[in-house]
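Novice: Sequences and hints are given; from them, build the entire structure.
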Amino acid sequence: MIVVFYIASGVAILSTFLVILQSNAVHALLYAILSLLSVAIVFFSLGAPLVAALEVIVYAGAIMVLFVFVVMVLNLGPGAEGQERVWLQPRTWTGPVILTLVLIGELIYIFLARPGLALGGPAIGPQEVSLALYGPYLLGVELASILLLAGLVGAYHLGREPSD
Amino acid sequence: MAEVPTQYGIILAAILFSLGVAGILLRRNIFFVLLFVEVMLNAAGLAFVVAGARWGQADGQVMFIFVLATAAAEVAIGLGLLLRLHHQFKTLNVDEASDLRG
Amino acid sequence: MTSADILSLLPLLVVATTGVVVMLAAAFYRNHRLSLILTLAGLLTAFISLPFVSPLTPRQVTSLVLVDGYALFYMGLIFAAGFIVALLTYGYLEQWDGNPEELYVLLLLATLGAAVLVGSSHFASFFLGLETLSVALYAMIAYNRSLRRGIEAGIKYLVLAGVTAAFLLFGMALVYAETGTLAFSGVIAAAGGGPSLQLMVGLGMLIVGVGFKLGVVPFHMWTPDVYQGAPAPVTGLLASMSKGAMFALLLRYFTPVMALERQGLVWVFTAVAVLSMLGGNILALTQDNVKRILAYSSIAHLGYLLVAFLASGPAGQLAVAFYLVAYFATTLSAFGVVTVLSTPDDEAESLRAYQGLYYRRPWLAIIFTIALLSLAGIPPTAGLVGKIFIAAAGVQASLWLLLIVLVLASVIGVFYYMRIVITMFRRPEADVVQPSMVRLPRAASVVLGALSVILVGLGIYPVPVMRIIERTVARLV
Amino acid sequence: MSSLATNLINVFGVLFAVLTVAAVLVYGERRLLALVQDRYGPNRAGPFGLLQIIADVIKMFTKEDWIPPFADRFVFILAPAVIMITVLLSFTVVPFAPGVEVVSLNIGLLFFLAMSSMGVYSVVLAGWASNSKYSLLGGLRAAAQMLSYEVFMGLSLMGVVILAGSFNLREIVEAQKGMWFVLPQFIGFVVFMIAGLAETHRIPFDLPEADSELIAGYHSEYSAMKFGMFMVGEYIGVTLISVLIVALFFGGWIGPVLPPLVWFVLKTSFFILLIILIRGSLPRPRYDQLMSYGWKLLLPLSLLNLVVTGGIVLALG
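Sequence order for the protein chains is A, B, C and D.
Under this note's numbering, the residue at position 123 of the first sequence is numbered 123, and the numbers go up by one with no gaps.
Under this note's numbering, the residue at position 14 of the second sequence is numbered 14, and the numbers go up by one with no gaps.
Under this note's numbering, the residue at position 177 of the third sequence is numbered 177, and the numbers go up by one with no gaps.
Under this note's numbering, the residue at position 131 of the fourth sequence is numbered 131, and the numbers go up by one with no gaps.
Calculated from the structure, these hints are not laboratory results.
Model, not experiment: these values are computed from the prediction.
Don't be surprised by glycine CBs; every beta carbon is placed ideally from N, CA and C.
Mixed in with the good hints there might be a few duds.
Unchecked claim - Pulled from the structure, derived: some chain A residues nowhere near chain D, Cβ distances all over 10 Å: (1) Val4; (2) Ile7; (3) Ala8; (4) Leu14; (5) Phe17; (6) Leu21; (7) Val56; (8) Met72; (9) Gly135; (10) Pro136; (11) Glu161.
Claimed, not checked - To give an idea of the chain D side of the interface with chain A (calculated C-beta under 7 Å), a few residues: (12) Ile107; (13) Ala114; (14) Trp128; (15) Gly139; (16) Leu147.
What the hints assert, rightly or not - Output of the computed footprint for chain A on chain C, the stretches with three or more beta carbons under 8 Å from beta carbons of chain A: (17) 30 to 38; (18) 106 to 117.
Specialist: The following block contains the structure:
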């Protein structure tokens, strides 16, 4: 499992990095999906199979499809890349990239600085998660449903055609 | 099963999070900005799952599910707004779509 | 969950149910007035239920929500704000040709989110309450979807709030990874065991998230644009409910954390408070747009509140509670005036639109003047009393630097508030085209009148409100 | 060593069986449809036209594999591969008989749902990458349709999960020793079958391809082997849905006298034939009818099913 974790982590980081470099929206999305899939494998290797499946079903399979859907609705064909290329010139990206590298470096330093964090316990399967979800977190589930309702009503209002 | 030191998991989450931040700083296209917000939220969810695995609790995964719900709601409204923006401004560039000035 | 648990959640349940009912009512029968009446009835019921719930408190309902006097007090404030905004919205949207019903649904959901936020005792409820509030606000800000600036403001708020949420979550996850608990009480207890670097990073990210929501310097960039682009009643909501709920939570749970880690965090918050007070007031001087002026003014006011937060202790709690009551009334009254002068497609926001208001709409001008005086902290208004409480709390905690800045910033503030007042009382030049006279909605006029009475009343005789605060909020400390 | 050998036999056995079934279906469907419509169907090549399969394969392999110059090359090639990979991967969690399965996953059912949600991409990406308006419209329709019907598909299966108390398909089959789940979960079965048809975009849910309106929709621009992969992918999808219906609702390999695997194959064949006959008998609905049918009928139905099932299971302790 350790090997799986490292390989999946590597793929996740690399593909997320490639998302940044893509000027084509759909190619960027494909790398994002790849990154999400490898994060799902990371979840699996951490002993969290339920969220691994949810990551694929909801994140990669529903949320990202919405993004693709929007690309198609706006018909952002291969022609829409020119503008994006401009933003990927070295002078625009050096600043943020250096900032990010510093940020990453600091975070790695901080979390490596303290050795001996305990290893994870046994796998936590769907049953335990569901029991927690509908036990102590029941109000949270209700709130999440209210949150989705707000999203639904808002998206409905914003997305409707003005004529009706 | 999980023999991965927790800090590596957190570092992975931190790197993905930072890449999301970098993406937002770099891109001016609202489509990409929304995409990187998702990347950041996903990284935060990953951090929760890692932390939950460290303590052997289900709470981390529960939080991940809540993050998922949030991400879905944000994307629904975000993409709705994006379509409106494209409709009104004929561009997805946040710098060009800027009427509000003080 | 016992029946007492459910009973103590009654205010929240009422608001949630009302939201669903209004939505279903709009699905089957679209009627603006019906939506308004249902919304008002729901919020009123929730408000009235508060004293009945009060004997059951304090009660921890699961690990997520803590219903106690503190939470109930701020819930009351939030419900009142929701009620007022709903009334203002009615007149604002009456002539609009779009669908107004969804705004009430979103308003109720936002109110619920804010109410959960002040009652939360756990990262999960904190985060979910905050997100419910934010997600409802995105749509409300861009509610007039044919207006370019509304959409732009909505996108800006959405992107920044999304990033903020990610920071907040990542911070929570780091704290959780360190402490092994997601409940605030557990986190505070675990933080006492000796702060680690990882925990500090987590807390830092949390503070970034909270700072964005409060709109304090240096996280204030979104405030003016979003305030300007959003519909006027929504701006009122944004300024009062959204910031107030977040501040109530900050006060409750960060005070113990601060006590543990005296040095670093105190300096951070002190810097933020100073920058907000000065920055907000100085930037407001350069503005010609009333909504933007009010935006910068809200940045400054959050800075004042941070002084009371830093003072902490019973005096600080008292000062924050009173100041928030005064601030809610003042902000809603100010944005209420803007609202009644605006229509969804043509907002009265430039200073010119207010020139000679006194000669066209004397009462409105007087109401606005009272609100501005209260914002500036000039007697006899609630704003002054609030500032005195904050100053008293500051003196008790000997925060001299902050107090000096507070006074200095208030003096600067007087200039731009007076500028609006003077504009209103200046005779209009003959060649200036007068803005068309909109019919003044009756509901809104009653609300504005009542708010002005409250503002002056609190300025002269604040004792009753003080009693309530002492009975509920201060009881905790 | 022996476990490795068994594993290999299982993997390749399943792969071989599935691909064979798909190939036979290419021929079988045409014969059966012809029977329904009172005509012959392919009957020239070999006895009963059986060699038609070989002829079709040769044709597909030797045709010019053309990528339109205006298409997005990378995505254009990726799209047909996605459907093959996701559908074939779904078969890994299916238990065909005791001991005949590739992997026993404790989230087997979720894995299937995850793969089917990934399958959406093949159609959507194909529609986008072709860069032609019919394909784009087909892709748009497909995205909305498959995303919607995935919801009901997942919900309809949760009743089964409640009854079996597990996501593992093997355990679900074993839980049906006493009674097939089709009896308590009849609504779930119906919804799953309909959603399954929609997910594989078969008639009457073939709006993404709709020959008469969109000239084959998302795969208008595809030819030769890439088109073949879409077609074979569809047949494997049909097989997958049938296999899952059998495993989830009709007791999998459980049955008297005959060996388990035979029972499984028999039951599966029945449902494959049923799906083909449905194609022969139902017309295609309008797009808005399809969506409102899904959201206004299937969603409440599957939610009701879930609530009632959960309530009864709770009440019985």
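Novice: Is it the case that Glu161 (chain A) keeps its Cβ farther than 10 Å from each residue Cβ in chain D?
Specialist: Its Cβ never comes within 10 Å of chain D, the nearest being 14 Å, so this holds.
Novice: Regarding the hint that Ile107 (chain D) lies at the interface with chain A, is the smallest CB-CB distance below 7 Å?
Specialist: The hint holds - Ile107 (chain D) has a Cβ within 7 Å of chain A, the shortest such distance being about 5 Å.
Novice: Does the claim that Met72 (chain A) lies off the interface hold, with its Cβ farther than 10 Å from every Cβ of chain D?
Specialist: Given a closest Cβ separation of 5 Å, the condition is violated.
Novice: May I ask you to check that Ile7 (chain A) keeps its beta-carbon over 10 Å from the closest beta-carbon of chain D?
Specialist: Check passes; 18 Å lies beyond 10 Å.
Novice: Is it correct that the beta-carbon of Leu21 (chain A) has no partner in chain D closer than or equal to 10 Å?
Specialist: holds, 15 Å
Novice: Go through the hint on Gly139 (chain D) and say holds or violated, using the shortest Cβ distance to chain A against 7 Å.
Specialist: holds, 6 Å
Novice: Holds or violated: is the Cβ of Trp128 (chain D) closer than 7 Å to a Cβ in chain A?
Specialist: It holds, given that the least Cβ distance between Trp128 (chain D) and chain A is near 6 Å, below 7 Å.
Novice: Closer than 7 Å between Cβ atoms is the bar; does Ala114 (chain D) clear it against chain A? Give me holds or violated.
Specialist: holds, 4 Å
Novice: Three residues minimum, CB to CB under 8 Å: does the segment 106 to 117 of chain C make the cut for coverage by chain A? Let me know.
Specialist: holds (count 6)
Novice: Beyond 10 Å from every chain D Cβ: check whether that's true for Ala8 (chain A).
Specialist: Given that every Cβ of chain D is farther than 10 Å from that of Ala8 (chain A), nearest at about 15 Å, it holds.
Novice: Once the closest CB in chain D is found, is it more than 10 Å from Phe17 (chain A)?
Specialist: holds, 18 Å
Novice: Residue count check for the segment 30 to 38 of chain C against chain A: does it reach three with CB-CB under 8 Å?
Specialist: violated (count 0)
When each numbered hint is compared with the structure, violations occur for hints 7, 8 and 17.
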